[in-house]
Amino acid sequence: MGAAVPSTDLLAVGRDALAQGAGLPGDLEVFVQESETTSIKVYQGEVESLVSGRPKGLGARYVHGGRMGYAYTGDFSPAGLEHVVAMAAANTEAADPDPAVGLPRGGSGTRYPDVPGLWRPGLLSTPMEAKIALAVAAERVALASPRIETVEESSYVDSAGRTAVLSTRGVEAYGEQTFCYVYTSAHARDGDDVQTGLGFSTGREPMELDAEEAGREAARKAEALLGARPCPTGLYTVVLDREVAAALVGVVVHALSADAVQRGRSLFAGRLGEQVAAPGFNLVDDGLHPDGMATSPFDDEGVPRGATVLIGSGTLQAFLHDTYTAAREGGAARSTGNAERGSYRGSPGVSPSNLVVEAGEGSLEELLARVGSGLYVVGITGLHSGANPVSGELSVGAQGHLIEGGALAAPVREITIATDMLSLLRNLSDRGGDARWIPFSGSVQTPSLAVTGVTVAGA
Amino acid sequence: MAIESPGLSPELAESALARALRNGGDYAEVFAEDRSSLSVRMDDGRLEEVSSGVDRGASIRLVKGPTTSFGYVDSLDGDAILALADRLSAGVRGQSALPASVRVLTLEPRPVPRIAPAHVDTSRKAAIVRAAEEAARGRSSEVRQVSVSYSEGRQRVWVASSRGPFASDDRTRIVLGLNVVAERAGVIQTGRETLAGTTGFELFDDEAYRRVALEAADKALVMLDARPAPSGRMPVILANGFGGVLFHEACGHGLEADFIVKKTSIWEDKMGSRVAESFVTALDDGTTPGLWGSNAIDDEGSPTEATLLVEEGILTGYLTDVLRGEKLGLASTGNGRRQSFRHIPYPRMTNTYFARGDVSAADLIADTPRAFYAKSLSGGQVDPATGDFVFGVSEGYLIEDGRVGPPLKGATLIGNGAEVLRAIDAIADDLDVKAGMCGKEGQAVPVGTGQPTLRLRELTVGGTAV
Numbered sequence: 001m002g003a004a005v006p007s008t009d010l011l012a013v014g015r016d017a018l019a020q021g022a023g024l025p026g027d028l029e030v031f032v033q034e035s036e037t038t039s040i041k042v043y044q045g046e047v048e049s050l051v052s053g054r055p056k057g058l059g060a061r062y063v064h065g066g067r068m069g070y071a072y073t074g075d076f077s078p079a080g081l082e083h084v085v086a087m088a089a090a091n092t093e094a095a096d097p098d099p100a101v102g103l104p105r106g107g108s109g110t111r112y113p114d115v116p117g118l119w120r121p122g123l124l125s126t127p128m129e130a131k132i133a134l135a136v137a138a139e140r141v142a143l144a145s146p147r148i149e150t151v152e153e154s155s156y157v158d159s160a161g162r163t164a165v166l167s168t169r170g171v172e173a174y175g176e177q178t179f180c181y182v183y184t185s186a187h188a189r190d191g192d193d194v195q196t197g198l199g200f201s202t203g204r205e206p207m208e209l210d211a212e213e214a215g216r217e218a219a220r221k222a223e224a225l226l227g228a229r230p231c232p233t234g235l236y237t238v239v240l241d242r243e244v245a246a247a248l249v250g251v252v253v254h255a256l257s258a259d260a261v262q263r264g265r266s267l268f269a270g271r272l273g274e275q276v277a278a279p280g281f282n283l284v285d286d287g288l289h290p291d292g293m294a295t296s297p298f299d300d301e302g303v304p305r306g307a308t309v310l311i312g313s314g315t316l317q318a319f320l321h322d323t324y325t326a327a328r329e330g331g332a333a334r335s336t337g338n339a340e341r342g343s344y345r346g347s348p349g350v351s352p353s354n355l356v357v358e359a360g361e362g363s364l365e366e367l368l369a370r371v372g373s374g375l376y377v378v379g380i381t382g383l384h385s386g387a388n389p390v391s392g393e394l395s396v397g398a399q400g401h402l403i404e405g406g407a408l409a410a411p412v413r414e415i416t417i418a419t420d421m422l423s424l425l426r427n428l429s430d431r432g433g434d435a436r437w438i439p440f441s442g443s444v445q446t447p448s449l450a451v452t453g454v455t456v457a458g459a
Numbered sequence: 001m002a003i004e005s006p007g008l009s010p011e012l013a014e015s016a017l018a019r020a021l022r023n024g025g026d027y028a029e030v031f032a033e034d035r036s037s038l039s040v041r042m043d044d045g046r047l048e049e050v051s052s053g054v055d056r057g058a059s060i061r062l063v064k065g066p067t068t069s070f071g072y073v074d075s076l077d078g079d080a081i082l083a084l085a086d087r088l089s090a091g092v093r094g095q096s097a098l099p100a101s102v103r104v105l106t107l108e109p110r111p112v113p114r115i116a117p118a119h120v121d122t123s124r125k126a127a128i129v130r131a132a133e134e135a136a137r138g139r140s141s142e143v144r145q146v147s148v149s150y151s152e153g154r155q156r157v158w159v160a161s162s163r164g165p166f167a168s169d170d171r172t173r174i175v176l177g178l179n180v181v182a183e184r185a186g187v188i189q190t191g192r193e194t195l196a197g198t199t200g201f202e203l204f205d206d207e208a209y210r211r212v213a214l215e216a217a218d219k220a221l222v223m224l225d226a227r228p229a230p231s232g233r234m235p236v237i238l239a240n241g242f243g244g245v246l247f248h249e250a251c252g253h254g255l256e257a258d259f260i261v262k263k264t265s266i267w268e269d270k271m272g273s274r275v276a277e278s279f280v281t282a283l284d285d286g287t288t289p290g291l292w293g294s295n296a297i298d299d300e301g302s303p304t305e306a307t308l309l310v311e312e313g314i315l316t317g318y319l320t321d322v323l324r325g326e327k328l329g330l331a332s333t334g335n336g337r338r339q340s341f342r343h344i345p346y347p348r349m350t351n352t353y354f355a356r357g358d359v360s361a362a363d364l365i366a367d368t369p370r371a372f373y374a375k376s377l378s379g380g381q382v383d384p385a386t387g388d389f390v391f392g393v394s395e396g397y398l399i400e401d402g403r404v405g406p407p408l409k410g411a412t413l414i415g416n417g418a419e420v421l422r423a424i425d426a427i428a429d430d431l432d433v434k435a436g437m438c439g440k441e442g443q444a445v446p447v448g449t450g451q452p453t454l455r456l457r458e459l460t461v462g463g464t465a466v
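Going down the list, the sequences are from chains D and V.
If you use the numbering used here, the first sequence corresponds to residues 1 to 459, in order.
If you use the numbering used here, the second sequence corresponds to residues 1 to 466, in order.
Hints in this document: simulated from the structure, not taken from any laboratory.
The beta carbon of each residue, even a glycine, is placed where N, CA and C say it ideally should be.
Mixed in with the good hints, there may be bad ones.
Stated by the list, open to error - Incomplete in silico selection of chain D near chain V, CB under 8 Å: (1) Thr73; (2) Thr233; (3) Arg345; (4) Arg413; (5) Thr416; (6) Ala457.
Said to hold, decoys possible - Listed next, the stretches of chain D that the computed footprint assigns to chain V, with coverage defined by at least 3 CB atoms under 8 Å from CB atoms of chain V: (7) 60-70; (8) 88-100; (9) 184-197; (10) 390-396; (11) 417-429.
Claimed, not checked - Taking CB as the label site, the calculated pair distances span: (12) D:Gly330 with V:Thr122: 27 to 35 Å; (13) D:Gly23 with V:Lys327: 54 to 62 Å; (14) D:Gly312 with V:Arg184: 29 to 37 Å; (15) V:Ala331 with D:Arg370: 57 to 65 Å.
Full structure from sequences and hints, please.
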């Protein structure tokens, strides 16, 4: 359906917008985005909804005398571009000046790394029927599992996105990438007991997706929790499933942004060079990892991406920077290429790209055998309300299984697990060799992690 | 300075619906939106950014049999909207269906903002942000950091369907939020408070921003003394206002008709049964002017309503949109909502709250031998299929012998929706409704959550102290 409308020449739109600011005394940057998206939901073997669209927009950041103004629009007409640039300039008036505010310099000195394989024409050329078939297959496989009663949702989603960043400081960057996934939510029932499980598969084009495995994963997870009950309150060694580990790493990394540190909102402030985690823990932000979904040659202000070791052998080695936070450090820091925007509607801020937790040894089963007894956590809820990256407090709802005799035992639900983030890092006692990329709320590759001394509130 | 757009005319809506249905279909709808936004952000002692923008576009929904096709364009241009209708109809095979005839819905006049934010100079908005920041900072030398964000938005919507009338709404919302960081001897705590309404700049009459700033600072400061919260099962008192997240998470989502239709809610087939004690009444009310979740119409063009969900302990209502309501044999309750023209509507809450009881909160607390007192909540999450919910406590206390004791930190409450409704054993008379953003299907919509102070016989408190 999308092929009828040709894609916009984003660099041309960006140059036209910069031209609108030619008479202004300050620096102007434009961030231009367009994507083609398809979202298919199936239910009981039929298409429930098919959403397609081509969202686009432009954000203009204007800097003059250390003051910044921002404006955005979805209107790429000459009048729309003129208006958005004028608004960005007008929006500097109320701001306070800050010598660190400025746009990155581009031009001939800037080399963008070559990252092959981000754009797959196969995504747009795959027929709609084939995409629908993936979501149908995931649902069918989940329903074939003996105790699965309903598949509440089975979806296929894709996006082919293009981004351009241009500025009067010489930045001119253009990138494009494709992304797709299958997602399945299955409900298992045994009498009055209902449990839910999620499965997913991600890739850069549909042929990379394993829809049937996503369906099997959803069914397996839901069925495993049937019969779950609260376990006794106490201190446990917990093994975090990879999805859970990824979510927690994502929260901890908020506090590793230089922005949080500079503004007094990080529990890691003043701790560079200190041992903050167990000696075996290594955490890298890798913006160029070939398998990462956040991989890109440049960040959202046109600075080349790279790799930054945040925690090495348990020692805090670096914070993440964008152009502004680096400037605040004077000559002591450079942007690590971690500027990110939620969309063209917002100015950039510091954010991780792909986070990689170094894997340990052995399968999950071997990790459980080494741990011996404790709690295996397969899901957490309430992370956005239960984790405070400023104070470090962490208390969330959880589901999982007891670990007894080095193997999984009875399923557990309606419990909370609580600790604080520094204790979490210091008490990491073991890691599996089972690293997986988790695409939810960021892009994190992590193995299953074992943590001692976690408070569990249950029965 | 804003460029005014004509929006969607009834004539254009009628043409778009007719063309969408050209190859058949059971239902078609066109939705158009023109939204202008402005935000002011202050942090680290500096007014860092003013940002403004415009979102304009239209979407068409075409339903045939079990399938909904949905597309959108980033434009209100008539030709673009008609081309979208043609693109969607091309995906449908069959004979032409019902001709679309559009009837214009005339609504009771709604209160318009007394002071339209667009008519207020940015410098005045900046002055309020600065004054709020100063008030919070001035509260104590232990306040280390303050961020303030002001956002205003005017969203005009037009919607017509092959079944419903042509309707429009003009929604103005303002929110001022503060985040305060306090520190003492290496202990860091945060406090957050917001002032929000579906209203104009009169929201800031009587220096209301000052009260909110002090509340945010006090929340952070009081928690500096907090001890680790206990863990285990115990009686819990939830303070009024944002404590309403309890009903929102524990019950409200499960009453949304999409979960009922798919039989994935714990409340499915419970209509008319007793779910709580007879003094418990709860409703969803999208009509009260000024509340954060209020609108004149929902995003399908149905007028908003006040819907009784639980009446004297009996389950009495679901929250429906047009299509899910039809599947259940119910009319729309005016709860079909969407984040923007780029999103397909779902049944969503508006302002949801427990009705007031008849004891004072002070008496309720004085009458409690021992309980965990959740004064302020930071949000929550629920699985509607199991009813299992969780919510975070940002400000908690221990109540002993009817007196509020020292503050407690780091607690999450966890329970089950059906069980927690039955566990309510007292409701006070101090109803308050707070503003929040509710996420579902990747879409955020403004909602009010509220309640009077209430007591639960028992709930699991998840702190770090064993």
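Notebook entry, point to check: If you check each hint against the structure, which ones fail?
Noted result: none
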